[in-house]
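Take the given structure of chain W and dock chain A to it, following the hints.
Protein chains: 2
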Amino acid sequence: MNDVAEFVALSASDVAEALCKKDNILILFHHNPDGDASGSAFALKSFLDSVGKRAVCLCPDEMPERLLFISDGLQEKVTAEALPEDFVPELILSVDTASPSQLGTLYESYRGKIDAMIDHHGKGTPYADNYIVPTASSCGEVLYGVIRDMAQRLGVDIPLRTKSLIYTAISSDTGCFRYSNVAPSTHNVAAELIESGVDSADINHKLFGMKSLKQMQVEHAGFERMNMHLGGKLAIITFPYDLKEQYGAENEHLETLVDVARCIRGVEVAAVIKQPEAENRFRVSMRSSCDLDVSEICALYGGGGHVRAAGCTIVADSILSAEMTVVLAIEQRMLEEE
Amino acid sequence: MNDVAEFVALSASDVAEALCKKDNILILFHHNPDGDASGSAFALKSFLDSVGKRAVCLCPDEMPERLLFISDGLQEKVTAEALPEDFVPELILSVDTASPSQLGTLYESYRGKIDAMIDHHGKGTPYADNYIVPTASSCGEVLYGVIRDMAQRLGVDIPLRTKSLIYTAISSDTGCFRYSNVAPSTHNVAAELIESGVDSADINHKLFGMKSLKQMQVEHAGFERMNMHLGGKLAIITFPYDLKEQYGAENEHLETLVDVARCIRGVEVAAVIKQPEAENRFRVSMRSSCDLDVSEICALYGGGGHVRAAGCTIVADSILSAEMTVVLAIEQRMLEEE
Chain W
1 MNDVAEFVAL
11 SASDVAEALC
21 KKDNILILFH
31 HNPDGDASGS
41 AFALKSFLDS
51 VGKRAVCLCP
61 DEMPERLLFI
71 SDGLQEKVTA
81 EALPEDFVPE
91 LILSVDTASP
101 SQLGTLYESY
111 RGKIDAMIDH
121 HGKGTPYADN
131 YIVPTASSCG
141 EVLYGVIRDM
151 AQRLGVDIPL
161 RTKSLIYTAI
171 SSDTGCFRYS
181 NVAPSTHNVA
191 AELIESGVDS
201 ADINHKLFGM
211 KSLKQMQVEH
221 AGFERMNMHL
231 GGKLAIITFP
241 YDLKEQYGAE
251 NEHLETLVDV
261 ARCIRGVEVA
271 AVIKQPEAEN
281 RFRVSMRSSC
291 DLDVSEICAL
301 YGGGGHVRAA
311 GCTIVADSIL
321 SAEMTVVLAI
331 EQRMLEEE
Chain A
1 MNDVAEFVAL
11 SASDVAEALC
21 KKDNILILFH
31 HNPDGDASGS
41 AFALKSFLDS
51 VGKRAVCLCP
61 DEMPERLLFI
71 SDGLQEKVTA
81 EALPEDFVPE
91 LILSVDTASP
101 SQLGTLYESY
111 RGKIDAMIDH
121 HGKGTPYADN
131 YIVPTASSCG
141 EVLYGVIRDM
151 AQRLGVDIPL
161 RTKSLIYTAI
171 SSDTGCFRYS
181 NVAPSTHNVA
191 AELIESGVDS
201 ADINHKLFGM
211 KSLKQMQVEH
221 AGFERMNMHL
231 GGKLAIITFP
241 YDLKEQYGAE
251 NEHLETLVDV
261 ARCIRGVEVA
271 AVIKQPEAEN
281 RFRVSMRSSC
291 DLDVSEICAL
301 YGGGGHVRAA
311 GCTIVADSIL
321 SAEMTVVLAI
331 EQRMLEEE
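Those protein sequences? They're chains W and A, same order as listed.
Letter by letter, the first sequence follows residues 1 to 338 in our numbering.
Letter by letter, the second sequence follows residues 1 to 338 in our numbering.
With the rest of the complex left out, here is chain W (with noise of 0.2 Å):
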C-alpha cells in the first residue's frame, strides 16, 4: 500500500478556495526555519490578517535572530506556546515542508488534520493533500500563485507586506537568484513585485548583506583551521566543541562555515566536521562543486542528502579521527573519478 497515493493533489485554486471559506488558519512550517519557510508562513499570515481573518504561524523551533525581521510585528513567538488558547484552527495548511520529521514535535499535534501541503520540493513524503510545484524556485514563488488568487477572488489588493515577505522567500531560497532554481518566471515574479513597491535592496541587505560578529569570528577560526588536500580540490575545516564553547556559538552561528571552504577557487569539495556537543558524535557537511556525488560519501556512515550537498554524522575517537576518515573517504571518491 502506498500512503502517499492516499493524498489527493490540489491546484493553487483549491487551496485559494478553502482559505477563502474558513476565518481561523493554523500555518506551519519547518524546524530551523530559513527565509523561505519562514517567509512564505507570514506572507499567508499578513495577508489572510489584511482580508479579516486570524492566522497563527507555528514552527518547532524559534526563529533565528538573523530573520527576526520577517515575523516582526505579527507575531512575536512562533514555537507551540504562542498558540492562543482561544485559537480554534478550521485549517490547517504547512508550507515549504516536504516530510513529517520537519515537523518535528508539531506532527505529532497535527497528525491527519493537517488539510494542505503548499511545497515546492519534489522530494519528500506528503503527509496532507497537497499543491506542490517542483520546478517553482522557493514556496514563495509557488504561495505567490495562491494568494493572487485569493485577492482576486474576495477582490482586494495583496497589502506590501505580503509582497515583500515573498520576495524574501523566493530571494532567500535562490541565494538572491544565484543558484540553478532561478528560472526566467522567479525573474518576472520579482519584477512585478519590485514594481508594486518592494524594497528589494532592503530585504537582500537583511538576508544577505549582514552577518553577526560572532558568525564572523567563527568563520575567522574555521579558515585557519582549514587543511587542503589533493593539491587544493578538497577542503576541509573542523569546528570542535571547546572551539565552539570558547567563542559563545550556537549551531547556526556554525552554518556558514562550509560555504567557507567551499568558496576557494580550485577547491571542488569541501566538507565540515562539527562536534555539536561534547560528545565523540561529529556532524560532517559536504559540499561539491564537480561531479562527485557527496550524497553517495554521506550514505556511507548513515547520511544523505543531494549530489552537490549531504550530511552524515560520525563517531569516532577524537575530531582528527573523523577528520581522517572523512579525507579519506573523499580522496578515495575523487581519486576514483579521474
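Read the hints as simulated data drawn from the structure, not as lab findings.
Hints are not guaranteed to be accurate.
[Claimed, not checked] Partial pick of chain A residues on the chain W-facing surface, computed with a CB cut under 8 Å:
hint: 1; residue: C176
hint: 2; residue: F177
hint: 3; residue: A190
hint: 4; residue: G209
hint: 5; residue: M210
hint: 6; residue: L243
hint: 7; residue: Q246
hint: 8; residue: Y247
hint: 9; residue: N280
hint: 10; residue: R281
[Said to hold, decoys possible] Listed below are the simulated DMTMM-like cross-link pairs for lysine to aspartate or glutamate, each with C-alpha atoms no more than 25 Å apart in a straight line:
hint: 11; chain 1: A; residue 1: K53; chain 2: A; residue 2: D14
hint: 12; chain 1: W; residue 1: K211; chain 2: A; residue 2: E252
hint: 13; chain 1: W; residue 1: K77; chain 2: W; residue 2: D49
hint: 14; chain 1: A; residue 1: K214; chain 2: A; residue 2: D72
hint: 15; chain 1: A; residue 1: K21; chain 2: A; residue 2: D115
hint: 16; chain 1: A; residue 1: K233; chain 2: W; residue 2: D72
hint: 17; chain 1: A; residue 1: K211; chain 2: W; residue 2: D291
hint: 18; chain 1: A; residue 1: K214; chain 2: W; residue 2: E255
hint: 19; chain 1: W; residue 1: K233; chain 2: A; residue 2: E252
hint: 20; chain 1: A; residue 1: K211; chain 2: W; residue 2: E331
hint: 21; chain 1: W; residue 1: K206; chain 2: A; residue 2: E337
hint: 22; chain 1: A; residue 1: K233; chain 2: W; residue 2: D199
hint: 23; chain 1: A; residue 1: K113; chain 2: A; residue 2: D72
hint: 24; chain 1: W; residue 1: K211; chain 2: A; residue 2: E331
hint: 25; chain 1: A; residue 1: K123; chain 2: W; residue 2: E255
hint: 26; chain 1: A; residue 1: K206; chain 2: W; residue 2: D49
hint: 27; chain 1: A; residue 1: K206; chain 2: W; residue 2: E250
hint: 28; chain 1: A; residue 1: K206; chain 2: W; residue 2: D291
hint: 29; chain 1: W; residue 1: K233; chain 2: A; residue 2: D72
hint: 30; chain 1: A; residue 1: K233; chain 2: W; residue 2: E250
hint: 31; chain 1: A; residue 1: K53; chain 2: A; residue 2: D86
hint: 32; chain 1: A; residue 1: K206; chain 2: W; residue 2: E255
hint: 33; chain 1: A; residue 1: K206; chain 2: W; residue 2: D293
Computed from a predicted structure; not experimentally measured.
Even glycine gets a Cβ: it sits at the ideal position worked out from N, Cα and C.
Structure of chain A alone, referenced to chain W:
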C-alpha cells in the same frame, strides 16, 4: 562655455545603425575593469564577430584573473599591445566609462576620435556623443538594447555567448540583483536571457561563488586587525604595506576588505585604510549603511564618491596616524548626526 553641450545624445537605434555600417570597431572600457565594463565590451565584440565584423576590446589594465572567463576564447590581452597592427578602426566606442580619466592613457590615444559612449552612469564628464541611460542597472542592460536593435536590422539571432555576457554584466553590477539599482526591467531582461538558454547559476558561481585563497587570507588578516569604535557602529580595518608584501597580495586582493567590515551586523560606517606602496600615502575607502554621507568626509581630504561609498587619500606619518585621522573624522560626523 560648457563642454558637455558639444556632444549629442544618441539613441540605441543611432548607435545600432552606426555599428551596422562599419566593419572594424574598437571598443574601449574603463581601467580596473569590472564585470559590467568587460562583460559589456566582450558582449558587443562577440556579437560583432558573429555577424562577420572585426572588433577589438581595449582597456588600460589587463583583465583580473577572476574575470578571465569573460574574455576567454574571444581575445587574449586587452591592453594597448593587443591591438593588431593591421587593425584600422572605422568606429570607436567606449562602454561603461563615464569620464576620460577612467580610460587612462587610452584617452590620450583616442581623444577626439571616440564616436560614441554607451553608459549608465548619470554622473561623469562626457567626452563624446553618447547613449547614456542613468536609470539602467548596468551598461550591460543599456547595451542589450543596442544589440537587439542591430540583430533586428541584420535579421540575425543574438548568439548565446553574447547573451551570457550581457547577463554577466548585469549580474555583476547589481551584485546579483541585490542592490537598489535593480528595476523591474532588470529582472525582465534576466528572465528573457535565462529563457533563451543563459546558464545564470554557472555565471553567478564564477562571479560570486569563488575567491582566491590569497583573497581569503587577506580578508582574514584584515578581520584580525579590525577595530570597532562607537559601540560597534564604526569598523575600521588597516592594511599596511608590509602585510600586503607578506601575503604577496595585489591591490585587487584588497578590494573586498571593506565588505568584511561593512557586513557585520550593527556596523553603520566601515572604513578600510590601505597602504598600496611603501610610502606614507594611505588609500581610504568608506562605506555607509546609514544616513551619514561618507563622500562629505572624504571630500575633507580631497576625495569624493557617493553618499554610501566614497574614498580619499590621506598623507600621514604612519598608518596608525592615518587611522586616528579617519576615526576622529567619522566619529565627529556620527556624533553630530545623533
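Hints, one by one, checked against the model:
1. C176: Holds, because the Cβ-Cβ distance from C176(A) to chain W comes to roughly 5 Å (cut-off 8 Å).
2. F177: Nearest chain W Cβ about 5 Å off; hint holds.
3. A190: It holds, given that the least Cβ distance between A190(A) and chain W is near 5 Å, below 8 Å.
4. G209: The hint holds - G209(A) has a Cβ within 8 Å of chain W, the shortest such distance being about 6 Å.
5. M210: Hint holds; M210(A) Cβ to chain W Cβ min 5 Å, cut 8 Å.
6. L243: violated, 16 Å
7. Q246: Violated. Min distance 16 Å.
8. Y247: For Y247(A), the interface hint is violated, since the closest Cβ of chain W sits about 14 Å away, which is over 8 Å.
9. N280: For N280(A), the interface hint is violated, since the closest Cβ of chain W sits about 30 Å away, which is over 8 Å.
10. R281: violated, 29 Å
11. K53(A) to D14(A): holds, 18 Å
12. K211(W) to E252(A): The hint holds at about 23 Å.
13. K77(W) to D49(W): This hinted pair holds, its Cα atoms lying about 17 Å apart.
14. K214(A) to D72(A): Holds, at roughly 22 Å.
15. K21(A) to D115(A): holds, 13 Å
16. K233(A) to D72(W): Judged against 25 Å, a Cα distance of about 23 Å means the pair holds.
17. K211(A) to D291(W): Since the Cα atoms of K211(A) and D291(W) sit roughly 20 Å apart, the hinted pair holds (cutoff 25 Å).
18. K214(A) to E255(W): Cα-Cα ~23 Å, so holds.
19. K233(W) to E252(A): holds, 23 Å
20. K211(A) to E331(W): holds, 23 Å
21. K206(W) to E337(A): holds, 23 Å
22. K233(A) to D199(W): holds, 24 Å
23. K113(A) to D72(A): At roughly 28 Å apart (the allowed maximum being 25 Å), D72(A) and K113(A) break the hint.
24. K211(W) to E331(A): holds, 23 Å
25. K123(A) to E255(W): The given pair, whose Cα atoms are some 41 Å apart, is violated under the 25 Å limit.
26. K206(A) to D49(W): violated, 42 Å
27. K206(A) to E250(W): It is violated: about 31 Å lies between the C-alpha atoms, which goes past 25 Å.
28. K206(A) to D291(W): holds, 17 Å
29. K233(W) to D72(A): holds, 23 Å
30. K233(A) to E250(W): holds, 24 Å
31. K53(A) to D86(A): holds, 14 Å
32. K206(A) to E255(W): Cα-Cα ~22 Å, so holds.
33. K206(A) to D293(W): Distance ~21 Å between K206(A) and D293(W) Cα, so the pair holds.
Violated hints, in rising order: 6, 7, 8, 9, 10, 23, 25, 26 and 27; the structure is consistent with all others.
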